[in-house]
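**Q** Read top to bottom, the protein sequences are chains A and B. Residue numbers for the first sequence follow the working numbering, so the first one is 1 and each next one is one higher. Residue numbers for the second sequence follow the working numbering, so the first one is 1 and each next one is one higher.
In case anyone wonders, no lab produced these hints; they're calculated from the structure. Please read all numbers here as calculations on a predicted model, not as lab measurements. Glycine is no exception: its CB is placed at the ideal position from the N, C-alpha and C atoms. Incorrect hints may have been included.
Now the stretches of chain B that chain A is said to cover, found in silico as 3 or more residues with beta-carbon under 8 Å [as the list claims (entries may be wrong)]:
(1) 30-42
(2) 70-81
(3) 245-251
(4) 284-295
Taking CB as the label site, the calculated pair distances span [said to hold, decoys possible]:
(5) A/Lys65 with B/Tyr157: 28 to 36 Å
(6) A/Gly297 with B/Glu274: 28 to 36 Å
(7) B/Ala231 with A/Gly97: 24 to 32 Å
(8) A/Lys65 with B/Gly297: 53 to 61 Å
(9) B/Ala40 with A/Arg3: 58 to 66 Å
(10) A/Gly97 with B/Gly354: 35 to 43 Å
(11) B/Gly316 with A/Gly97: 38 to 46 Å
(12) A/Gly297 with B/Gly351: 53 to 61 Å
(13) A/Arg16 with B/Ala231: 58 to 66 Å
(14) A/Gly351 with B/Ala231: 51 to 59 Å
(15) A/Arg160 with B/Lys223: 52 to 60 Å
Protein chains: 2
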Amino acid sequence: MTRVAVAGVGMAPFGRLPERSATSLGVEAVDAALQDAGLAWPDIQTMYCGALLLGLTPGTRISEKLGLTGIPVVNIDNASASGSSAFREACLAVESGRVDVALAVGVGKADGLRNAAGPPPRPGSDQHKETQFLRMQGLFSPMGIFAMRTHRRMHDYGSRIEQFAMVAVKNREHASKNPYAQLRKPQTLDDVMNARMVSDPLTVPHCCPIGDGASAAIVVSEKKARQLGLAPLVSVEASCFRSPSSDAGTTAQDSDTTAQTARDAYEQAGMGPEDISLVQVHDAFTVEEVDYCEAMGFCPEGEGERWVEAGELGIGGRIPFSTDGGLLSRGHPNGPTGLAQIWETTQQLRGQSGPRQVEGARAGLVHMVGVGGVCVVHILKRN
Amino acid sequence: MTRVAVAGVGMAPFGRLPERSATSLGVEAVDAALQDAGLAWPDIQTMYCGALLLGLTPGTRISEKLGLTGIPVVNIDNASASGSSAFREACLAVESGRVDVALAVGVGKADGLRNAAGPPPRPGSDQHKETQFLRMQGLFSPMGIFAMRTHRRMHDYGSRIEQFAMVAVKNREHASKNPYAQLRKPQTLDDVMNARMVSDPLTVPHCCPIGDGASAAIVVSEKKARQLGLAPLVSVEASCFRSPSSDAGTTAQDSDTTAQTARDAYEQAGMGPEDISLVQVHDAFTVEEVDYCEAMGFCPEGEGERWVEAGELGIGGRIPFSTDGGLLSRGHPNGPTGLAQIWETTQQLRGQSGPRQVEGARAGLVHMVGVGGVCVVHILKRN
Chain A
1 MTRVAVAGVG MAPFGRLPER SATSLGVEAV DAALQDAGLA WPDIQTMYCG ALLLGLTPGT
61 RISEKLGLTG IPVVNIDNAS ASGSSAFREA CLAVESGRVD VALAVGVGKA DGLRNAAGPP
121 PRPGSDQHKE TQFLRMQGLF SPMGIFAMRT HRRMHDYGSR IEQFAMVAVK NREHASKNPY
181 AQLRKPQTLD DVMNARMVSD PLTVPHCCPI GDGASAAIVV SEKKARQLGL APLVSVEASC
241 FRSPSSDAGT TAQDSDTTAQ TARDAYEQAG MGPEDISLVQ VHDAFTVEEV DYCEAMGFCP
301 EGEGERWVEA GELGIGGRIP FSTDGGLLSR GHPNGPTGLA QIWETTQQLR GQSGPRQVEG
361 ARAGLVHMVG VGGVCVVHIL KRN
Chain B
1 MTRVAVAGVG MAPFGRLPER SATSLGVEAV DAALQDAGLA WPDIQTMYCG ALLLGLTPGT
61 RISEKLGLTG IPVVNIDNAS ASGSSAFREA CLAVESGRVD VALAVGVGKA DGLRNAAGPP
121 PRPGSDQHKE TQFLRMQGLF SPMGIFAMRT HRRMHDYGSR IEQFAMVAVK NREHASKNPY
181 AQLRKPQTLD DVMNARMVSD PLTVPHCCPI GDGASAAIVV SEKKARQLGL APLVSVEASC
241 FRSPSSDAGT TAQDSDTTAQ TARDAYEQAG MGPEDISLVQ VHDAFTVEEV DYCEAMGFCP
301 EGEGERWVEA GELGIGGRIP FSTDGGLLSR GHPNGPTGLA QIWETTQQLR GQSGPRQVEG
361 ARAGLVHMVG VGGVCVVHIL KRN
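Just chain A, with the same shape it has in the complex:
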């Protein structure tokens, strides 16, 4: 199996950009990644595009604008995990030996979410019965699910909602130093506590914004990495994907799948949590950062809230999480989110993150979950 390196990363801004088409955002991100890699569009041998419900073949439309070079273009819709899945398929294409240079691009428009539910289920159909049942349980909206999860942790560990609010404050502070982030204006604990309630106990800043954006990463074989003279070389040490497993028991949560996927990744990389310098996590809701921090072995179970309060998950803390602002403030346009995480991690490992640089960053873990409880984890390393 060929080892894979990240040759270049690029982003278009995340935010509410109604006048920008998905295609133009995607082209901007790819151009930035090409420039970063010192490559030109005709060097790309295969392309994967991750997008959520953006209509017909959004990646193919992006490739047409970049030039008709005849390469394969595969469009992936794995919901929140679309960008991470596209990155993983690009790595697989290089590992297969078929190509030396593969592009992953993610693109998102808030418009896409209008189609999120697909056609309404027919009354009496299986899908109708399933969604009716979930709605009755308050389990249809992610806000409802993660509000319950927050209450559960408060019950189990005696934690306070202020501690979860501190995740939102911290990630906004990180985002204030990231010009590509969607929400950059610093906020205080009071701001979070006094904001509009969405689903008790979660106010608006406990929930990530949706929006528009694009990001891209180019991965290459070892041979090509040598030719390009990449230094420092950022290598992909683990690329792992799991869906929920009945092994995890009948009460399994995303954190259980996260724990299993992280274990796979540590094994693949020959590393443990102690070797990781920074983490990008699926912090769509504040409680998730706390849950996954524990699930991935960075802090003991039930202590995540105290770690947040003590600043351990901030830049300068024991294990910085969401250094670019995370889903909560960098934003979550779905398709590109996982690739924005790769962008951030790659730049951190190269020491290019300016005011939000994690000093001495050697390895970064990148985590995403998606609809259906799937989980994707990558580990990147500076060589």
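Guided by the hints, dock chain B onto chain A, whose structure is given.
**A** Relative to chain A, chain B alone:
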């Protein structure tokens, strides 16, 4: 690079099945493929699902019904080429050495097409300008495009519409022997000529039906194929994917991309058209079968219509095309179409096709095109 073999194939019926959910159709096809391979669901190590605009992660929903085994599930929407793309990614996953057993499933519901255009483009946006221009040219509907293409061939080669109608008659005859086909009632040349006009000169039977359905294929490494004792062994000799290339000039058609992709596939397989026993082709419109027959080197340019008239593309002819009825009669629910082609080809190469068996079939070519002019070609071989 590990060589890849097809271990099992399965289908759910194609047709108008409003009471069947996409998930239940997908599960039926996967169960059939597992049974065909002599494998159980927990043997599957990774899964790719091809579907057109079916809402959130249709493959993940199928996997949940089959059992929570924790495997990666990647959802691909490459329009008409979704199933073929899923098959190709499954082959790549095996080639990468990461897995020995990969599943590709395709699923389609005519409902999905209601979302086909995505959110309506905003007036003034790039997308709005593009589609407005195409509509003005009559180039928005595929019926319009292929009606023009048919007229062009009639002008260039002096062919008659009756010759194209004979493709529809032939493929319906093949479908009448395929219990999974959507349209099985034989039709005469008069039936086709006198049917309702859709876009001059194309009447309804010149155009494929949309509908519901599912199909699946399981691919394995050589090592796993030996363990399973597959005999005869159906191997994947070529897996090629191209998008349009500016090399083909400014008047490039799907047939030009087809010609390039077929050349790639012949080179990869070390074969030529003379080694191919049967072909499954993207015959969404009758003219396509004629165009692609020439583009892939099976008959000289401008002679396709005469080959059809002489019965050369029928079972028993020089090079049988669309032996299961093709898109025109087996049906085209988009997601599963490319995998139905793999199902047909695999069974033909094993000599299991009963009344529609191509005698002495040794190698089969499988061809699909999709939105954006992409083309996917596989060559399967009996060993």
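**Q** Give a verdict on every hint.
**A** Taking the hints in turn, this is what the structure says about them:
With 0 residues bearing a CB less than 8 Å from a CB of chain A, the region 30-42 of chain B misses the requirement of three and the coverage assertion fails. Requiring three or more residues with a Cβ within less than 8 Å of a Cβ of chain A, the coverage given for the region 70-81 of chain B holds, as 10 such residues are present. Counting residues of the region 245-251 of chain B whose beta-carbon sits less than 8 Å from any beta-carbon of chain A gives 3, enough to reach three: the coverage restraint holds. Three residues within the 8 Å Cβ limit are the bar, and the region 284-295 of chain B against chain A gives 0, so the coverage statement is violated.
The hinted window of 28 to 36 Å between A/Lys65 and B/Tyr157 holds, with their beta carbons roughly 35 Å apart. For the pair A/Gly297 and B/Glu274, the beta carbons lie near 59 Å from each other, so the given range of 28 to 36 Å is not met. Checking the proposed 24 to 32 Å range against B/Ala231 and A/Gly97 shows it holds: the Cβ atoms sit about 28 Å from each other. Our hint of 53 to 61 Å for A/Lys65 and B/Gly297 is violated, since their Cβ atoms are close to 32 Å apart.
Checking the proposed 58 to 66 Å range against B/Ala40 and A/Arg3 shows it is violated: the Cβ atoms sit about 33 Å from each other. Separation of A/Gly97 from B/Gly354 is about 39 Å and conforms to the stated range, judged on CB atoms against 35 to 43 Å. B/Gly316 and A/Gly97 have their C-beta atoms about 41 Å apart, which keeps the hinted 38 to 46 Å range intact. In this structure the supplied range 53 to 61 Å holds for A/Gly297 paired with B/Gly351, their Cβ-Cβ distance being about 54 Å.
Here the CB-CB span from A/Arg16 to B/Ala231 is close to 60 Å, well matched to the stated 58 to 66 Å. At about 57 Å, the beta-carbon gap between A/Gly351 and B/Ala231 stays in the expected band of 51 to 59 Å. One distance hint, 52 to 60 Å for the beta-carbon pair A/Arg160 and B/Lys223, holds here, with the actual separation near 55 Å.
Against the hints set out earlier in the document, violations occur for numbers 1, 4, 6, 8 and 9.
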